[in-house]
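Colleague: Listed below are the residues making up each chain.
Protein chains: 2
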Amino acid sequence: MSRHASPVNDDNVKDTAASSDDVVAYMTSLGQAARAAGAAMRRHDTAAKNAALLAMARHLEVSRTSLLDANARDLARGRETGLDAAPLDRLALDDGRIDAMIEGLHQVAALPDPVGEIDGLRSRPSGIQVGQMRVPLGVIGIIYESRPNVTVEAASLCLKAGNACILRGGSEARESNAAIAACIDAGLREAGLPTSAVQVVATTDRAAVGCLIAMPEYVDVIIPRGGKSLIERISREARVPVIKHLDGVCHVYVDATADLDKAYAIAVNAKTQRYGTCNTMETLLLDAPVAAELLPRLAAAYAEHGVELRGCERTRSIVEGVVPAGEEDWAAEYLAPVLAIRVVDGIEDAMAHIERYGSHHTDAIVTENYGLARRFLAEVDSSSVMVNASTRFADGFEYGLGAEIGISTDKLHARGPVGLEGLTTRKYVVLGDGHVRG
Amino acid sequence: MSRHASPVNDDNVKDTAASSDDVVAYMTSLGQAARAAGAAMRRHDTAAKNAALLAMARHLEVSRTSLLDANARDLARGRETGLDAAPLDRLALDDGRIDAMIEGLHQVAALPDPVGEIDGLRSRPSGIQVGQMRVPLGVIGIIYESRPNVTVEAASLCLKAGNACILRGGSEARESNAAIAACIDAGLREAGLPTSAVQVVATTDRAAVGCLIAMPEYVDVIIPRGGKSLIERISREARVPVIKHLDGVCHVYVDATADLDKAYAIAVNAKTQRYGTCNTMETLLLDAPVAAELLPRLAAAYAEHGVELRGCERTRSIVEGVVPAGEEDWAAEYLAPVLAIRVVDGIEDAMAHIERYGSHHTDAIVTENYGLARRFLAEVDSSSVMVNASTRFADGFEYGLGAEIGISTDKLHARGPVGLEGLTTRKYVVLGDGHVRG
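Chains as they are written, first to last, in the UniProt record's numbering: chain G, 1 to 438; chain F, 1 to 438.
Hints are supplied without guarantee of correctness; some may be wrong.
What the hints assert, rightly or not - Going by beta-carbon spacing under 10 Å, a handful of chain G positions derived as facing chain F:
| no. | residue |
| --- | --- |
| 1 | Thr28 |
| 2 | Gln32 |
| 3 | Val115 |
| 4 | Arg225 |
| 5 | Gly226 |
| 6 | Lys228 |
| 7 | Ile243 |
| 8 | His305 |
| 9 | Glu308 |
| 10 | His360 |
| 11 | Leu377 |
| 12 | Asp381 |
| 13 | Arg392 |
| 14 | Asp433 |
These are calculated hints, taken from the structure and not from any lab test. Where is the CB? At the ideal position from N, CA and C, for every residue including glycine.
Let the hints inform the model, and build the full structure from the sequences given.
Modeller: Shown next as structure tokens:
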């Protein structure tokens, strides 16, 4: 079926039983088409996938006017319906953002194709050879909010990893997403790939999300991108595995054995380089012997940046103007110029704090002691553990993944920044020559 | 807390609100103890884990009499309550089975430790080094049925991979499991590992399973081992990721380009070497040009083994005595001396059949054609895909994993036979020297 077939009536969908039945039928048809496209994708090679990505980029380039027009209609409707400035900004496209989408497609096309790589092919005593081949997951459902550029990012990464995808963007971006979808569609056609390999959900009925996350027969994994409440709701209700990104309550622990200049640079950067990102430090843990020397220097730097400090009693006894920190501060993901500071007694105390209050996202130690560095790396149970580096490095691009579909705070499958590899799985391949089991 | 603390009253637990509260409190205490033990396990090295495994083996050796006594009480109660012969056989211990448990512990101790391995440590343009370290999952819940030797297998694999585990065996094996648990406990103590690293659930109240699968704060993954109905129920109700093993509807496709002697050997072995295993062939697909030559030879061999044949019309026109196969036969996991046979027209037809009716477990092609072998490996979406080998090879030991906790039919995390590596995850490690993000 065509990905533009049977779109349910859009704006004026009512939450009635009849329209719900329509949504179920529509989402089922998308699921079936995606499953078929996913199977077909296993027959297409790297060259075809790259050709499609580059063709999509060309279609975005020549469609700038219609993209900006569609986006202007979304923005006008957003303003009418009283959207705040922040979501309006996320929704907005301009030439720079279209350039970035085009550049992103070129970058994904240039990435090595993970599909087909065989690891560890070894001969067994029985005579068979056994290895593991990297293969697409199959069908990926992505649920996101107002940013229309996610449509291009998600489509390109899923496609490069050999998957079919179903994309459900925010209703506020529906005209922008439809215009982008047309470019994606044209690119797929041009490269001879199945157009159902990328399907953009054409209804804004919220029941569509409920369907998408409950079709294990058609969808292999759901990746929600958005606020915590969206992700929590989807994780709770999904009947399909979810790769999710929850809190980033990140710590920097400065041990007594730290080089204090490095500690200063890292503690300032981890907090102030950006406030709203998940890998920003939210709690600074200072080993007692260095607190008195380091805290005043840091407090001055944070004051310059306008960072509010909330601290334990020992912190407050060293520097002035620190708000008393409570239990809720140790667990807080501020995403704002606010920092919790605690003076601790050594690495055990620091690791116990991280285990109790952290979110297992990204945690760093600053130390010159080899044994402590080794312990911290082994014992802190977070998706990224760092020695003498800013938590802000926890990012797919910084790690060299080339692109990032998100950061996983799950332990299974993909943990930490998720690139193309996280959109694949591995199956066993067995090569014999008439071998049978004895 | 000790793993034998606060066992809820056992046989005579009533399904009342009061006892349910007790079960919740009990399971919560196990969960908390497991979480703490999991954290502690990250501090213990390979030598300590191996010492514990070998100490457990010694304790099993010297406890033979009490193990057999406990098992005899389980068997007597099983007979009284009318257990069938098959579950009674699975429940029974004898010296040979105790030997096998002891040998299993030695084998797991001899396996390489997966924990701590760092892959792909590379320098990035920013100056940091980034790699991925293999680490324990944390806390693993295992739910199984009557076989008491699973208690030792599951405990040893979880422990070697650095995890804490909570084991919930069948109530019919409760005395055997308690006796085995005492040996495990003694082994952990002797090696200085936390005894809560392996906890055997001491209540037979079925509410305990419901608790175990709904404590994401204490349990990282559930592995159910048992019949399909158990696994489906757990997957449906779990609030924790589940590594599951559902159907094995395995196919052998014999292409026209096959060496027919190899095809004969593989088709006979894949069906008749064992009937009740998930990697047994359930449907044989024969390419039309070779069906007339191969089918009579195979039918004779299957007749000798007492295998009932159910076939499509073309099959029935070639050999006599074949029952007509219906849709339900193509989807059947017989686990019995029954085989479905279909004559197909080439690899496309065969792969379409496998995609439609298969369970994505293990599928094989028999061919001497390089291009067809390559296509089958790339395009068939199963946890094991094979060329010229019997599906019966799909097994952790045959693949060289050393041991197997189960076979996963999931796509995410672990796919196919799951060994120690499937009980671990990878986190990013970042090594810097005061590096900050620009």
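Colleague: Next, verify each hint and record whether it holds.
Modeller: Status of the hints after comparison with the structure:
For Thr28 of chain G, the interface hint is violated, since its Cβ never comes within 10 Å of a Cβ in chain F; the closest pair sits about 17 Å apart. Hint status for Gln32 of chain G relative to chain F: violated, with the closest Cβ pair at about 12 Å, above 10 Å. This hint holds: Val115 of chain G has a C-beta 8 Å from the nearest C-beta of chain F, less than the 10 Å allowed. Violation of the interface hint for Arg225 of chain G is found here, the shortest Cβ-Cβ separation to chain F being roughly 18 Å, above the 10 Å cut-off.
This hint is violated: Gly226 of chain G has a C-beta 21 Å from the nearest C-beta of chain F, more than the 10 Å allowed. Here the hint on Lys228 of chain G is broken, as its CB sits about 16 Å from the closest CB of chain F, past 10 Å. Hint status for Ile243 of chain G: holds, given a least beta-carbon distance of 8 Å to chain F, under 10 Å. The beta carbon of His305 of chain G comes no nearer than 14 Å to any beta carbon in chain F, farther than 10 Å, and the hint placing it at the interface is violated.
The restraint placing Glu308 of chain G at the interface with chain F is violated, with a minimum CB-CB distance near 21 Å, outside the 10 Å limit. Taking 10 Å as the C-beta contact cut-off toward chain F, the hint placing His360 of chain G at the interface holds, the least distance being around 9 Å. Interface restraint check: Leu377 of chain G against chain F, minimum CB-CB distance 5 Å, threshold 10 Å, status holds. The interface hint given for Asp381 of chain G holds, since its Cβ lies 7 Å from the closest Cβ of chain F, which is under the 10 Å cut-off.
The closest approach between the C-beta of Arg392 of chain G and any C-beta of chain F is roughly 4 Å, which is under the 10 Å cut-off, so the hint is satisfied. Hint on Asp433 of chain G holds. Least Cβ distance to chain F is approximately 5 Å, under the 10 Å limit.
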